[in-house]
Amino acid sequence: MRHADLSPDGVWTIPAEDREKANASFLKLPPLAMDIIRAQPRHASSPFVFPGRFDDRPQNGFSKAKAQLDAAIAKKGGDAIPRWVIHDLRRTAKSLMARAGVPAHISERVLGHAIPGVEGIYDRHHYLEEKAAALRSLAKLVNGIVTKPTPPEKIPPAPRRRISTKKGDS
Numbered sequence: 001m002r003h004a005d006l007s008p009d010g011v012w013t014i015p016a017e018d019r020e021k022a023n024a025s026f027l028k029l030p031p032l033a034m035d036i037i038r039a040q041p042r043h044a045s046s047p048f049v050f051p052g053r054f055d056d057r058p059q060n061g062f063s064k065a066k067a068q069l070d071a072a073i074a075k076k077g078g079d080a081i082p083r084w085v086i087h088d089l090r091r092t093a094k095s096l097m098a099r100a101g102v103p104a105h106i107s108e109r110v111l112g113h114a115i116p117g118v119e120g121i122y123d124r125h126h127y128l129e130e131k132a133a134a135l136r137s138l139a140k141l142v143n144g145i146v147t148k149p150t151p152p153e154k155i156p157p158a159p160r161r162r163i164s165t166k167k168g169d170s
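Residues 1 to 170 (UniProt numbering) are what the sequence shown spells out, left to right.
Keep in mind that a hint or two might mislead.
Claimed, not checked - Taking CB as the label site, the calculated pair distances span:
(1) R57 to P103: 35 to 41 Å
(2) R83 to G61: 16 to 22 Å
(3) F50 to L111: 18 to 24 Å
(4) D56 to G77: 36 to 42 Å
(5) H113 to A67: 33 to 39 Å
Don't read these hints as lab results, they were simulated from the structure.
All C-beta atoms in this analysis are idealised placements derived from N, C-alpha and C, irrespective of residue type, glycine included.
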């Protein structure tokens with residue numbers, strides 16, 4: 001992801017040369033993603049939001065980051081996830097979008113999958129707003145998962161009053 005590929009309103013233009021299918025794509029990123037991007041230190045000598053070891057290349061080797069994530073999970077006392085790879089996060093995103101009620105034909109486009117058959121040939125709509133809504137739903141769901149809920153405010157019990165059942169008592 002290059003800084004030049006992000007518009008001020010959060011639209012990420014994914015250039016054709018960066019995509020497996022060699023077709024450009026557009027995603028309007030949710031505020032949560034833009035907050036993460038804006039929080040990254042800007043390296044004057046690199047065009048990338050997430051530069052690699054060398055400023056002229058993007059981050060690409062994720063095995064060290066995955067090992068750090070595995071260690072953080074273990075440190076928190078979480079169960080190790082057997083045989084998982086970074087690419088599994090795409091499957092998780094697809095599943096979470098389904099949980100959030102995102103239609104399959106939209107989540108497929110969010111993930112950049114080629115749409116097969118006649119639909120893929122004839123439907124030329126960019127689905128920018130639909131994909132943006134899907135990403136907002138995904139971000140809301142992920143944020144709810146990773147953010148500890150605040151405990152409800154404790155309301156002190158009302159003082160008990162004695163109720164008399166005898167006639168004449170009030």
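Against the structure, the hints:
no.: 1; hint: R57 to P103: 35 to 41 Å; verdict: holds, 36 Å
no.: 2; hint: R83 to G61: 16 to 22 Å; verdict: holds, 19 Å
no.: 3; hint: F50 to L111: 18 to 24 Å; verdict: holds, 19 Å
no.: 4; hint: D56 to G77: 36 to 42 Å; verdict: holds, 41 Å
no.: 5; hint: H113 to A67: 33 to 39 Å; verdict: violated, 29 Å
Checked against the numbered hints given earlier, the structure breaks only hint 5 and satisfies all the rest.
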